[in-house]
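Visitor: The chain contents come next:
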Amino acid sequence: RKEVEQDPGPFNVPEGATVAFNCTYSNSASQSFFWYRQDCRKEPKLLMSVYSSGNEDGRFTAQLNRASQYISLLIRDSKLSDSATYLCVVNIVQGKLIFGAGTRLAVHP
Amino acid sequence: NAGVMQNPRHLVRRRGQEARLRCSPMKGHSHVYWYRQLPEEGLKFMVYLQKENIIDESGMPKERFSAEFPKEGPSILRIQQVVRGDSAAYFCASSPLGTSRGTGEQYFGPGTRLTVT
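Just so you know, the protein sequences line up as chains A and B, in that order.
The first sequence begins at 1 in the numbering used here and counts up one residue at a time.
The second sequence begins at 1 in the numbering used here and counts up one residue at a time.
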C-alpha cells in the first residue's frame, strides 16, 4: 500500500465548477499535512497547510480527518489558471515529506 | 528575497560520467532537502541536510549517490557513474532555521533536469 494515495484523475471541469480531491495516508504517526500544486515541468508550490479544524483560503478549502486518515481539497469557482497537478503531502518525521502521485486538473472554457 | 536556486537547470551526461547538482537555499534557511521525480511519477524524498550534517538519508540509493551541505557554499548532490535510470528532475527544497518537528513547510527550487544519454 502506498503511503499517500490520491484520486487517479484527470479531472476535466468547466470554468466555474466546484471540484473535490481526496487523499488517504497510511501512517497514523503523520504530523502535518499539505496540498502542493505543480504546474507542468515546474517545481511544486505550497498551496496550503491542512489542519484538523479545517481551513479555507479564498476559493480553496482543506479538511483533515485524523481518525479516517483522510485529507480533502475543495476548489470552488474553478479558473483556467487552476489547471495543474495537485499533490497531497504528508510529513511523518522532521524534514521528510511524502508526496502522493498527484491528481491532474484541467479547467476548460 | 531570492527563492531557492538550483543550477544547472538542465544537465546532459553520458553513461558513466559524474553529475553535480547545486542548490542554494533561501536566505535564512539552513535546512536543505533533495527530492527526485522520475517521469510521470511523484516526488520521492532522497536526503535531508543541515550545515555540515546529514540528518536523514533514508531515500538515497546505497551506491553512486552522495550529498553534502558545507559550512560555506551551496548544497551539492553528486551522482557518480550515471546510468539511464538516473534521468529525472531533481528538486531541492529549504526550510527556515528552527523549523519544529512536524511543521514541515518547504520551499522548492526550479529543479535540475538530468538527462543521461
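Check the hints yourself; a few may be wrong.
To be verified - To be clear about the criterion: a stretch of chain A counts as covered by chain B if any three or more of its residues have a C-beta under 8 Å from a C-beta of chain B, and this derived list gives those stretches:
no.	stretch
1	8-22
2	68-81
3	95-107
Unchecked claim - Below, a list of computed lysine-lysine pairs in the DSSO-like style, where the Cα atoms sit at most 27 Å apart:
no.	chain 1	residue 1	chain 2	residue 2
4	B	Lys51	A	Lys79
5	A	Lys96	B	Lys71
6	A	Lys79	B	Lys27
7	B	Lys44	B	Lys27
8	B	Lys27	A	Lys2
Claimed, not checked - Covered stretches of chain B (chain A as the covering partner; in silico rule of three or more C-beta atoms under 8 Å from a C-beta of chain A):
no.	stretch
9	23-29
10	36-49
Hints listed in this document are in silico derivations from the structure and should not be mistaken for laboratory results.
Glycine included, every Cβ here is placed at the ideal spot set by N, Cα and C.
Visitor: Go check the stretch 95-107 of chain A versus chain B for me, would you? Three or more residues, Cβ under 8 Å, otherwise it fails.
Guide: Held - the stretch 95-107 of chain A has 8 residues with a Cβ nearer than 8 Å to chain B, which meets the minimum of three.
Visitor: Is Lys27 of chain B close enough to Lys2 of chain A, meaning Cα to Cα at most 27 Å?
Guide: 35 Å, violated
Visitor: If you draw a straight line from the CA of Lys79 of chain A to the CA of Lys27 of chain B, is it 27 Å or shorter?
Guide: 33 Å, violated
Visitor: Taking a Cβ-Cβ distance under 8 Å as contact, does the stretch 68-81 of chain A have three or more residues in contact with chain B?
Guide: violated (count 0)
Visitor: Quickly compare the C-alpha distance for Lys96 of chain A and Lys71 of chain B to 27 Å and report which way the hint goes.
Guide: Answer holds: Lys96 of chain A to Lys71 of chain B is near 22 Å, not above 27 Å.
Visitor: When I compare C-beta atoms, does the stretch 36-49 of chain B have three or more residues closer than 8 Å to chain A?
Guide: With 6 residues in contact (Cβ-Cβ under 8 Å with chain A), the coverage given for the stretch 36-49 of chain B holds.
Visitor: Check whether three or more residues of the stretch 23-29 of chain B sit with their beta carbon closer than 8 Å to a beta carbon of chain A.
Guide: With 0 residues close enough to chain A, the hint is violated.
Visitor: Please work out if Lys51 of chain B and Lys79 of chain A have their alpha carbons no farther apart than 27 Å.
Guide: 42 Å, violated
Visitor: What's the verdict on Lys44 of chain B and Lys27 of chain B, does the C-alpha distance respect the 27 Å limit or exceed it?
Guide: 25 Å, holds
Visitor: Can the stretch 8-22 of chain A be counted as covered by chain B under the rule of three residues or more with Cβ-Cβ separation shorter than 8 Å?
Guide: As far as the stretch 8-22 of chain A goes, the hint is violated, because 0 residues have Cβ atoms under 8 Å from chain B.
Hint compliance for this structure: hints 1, 2, 4, 6, 8, 9 are broken, all remaining hints hold.
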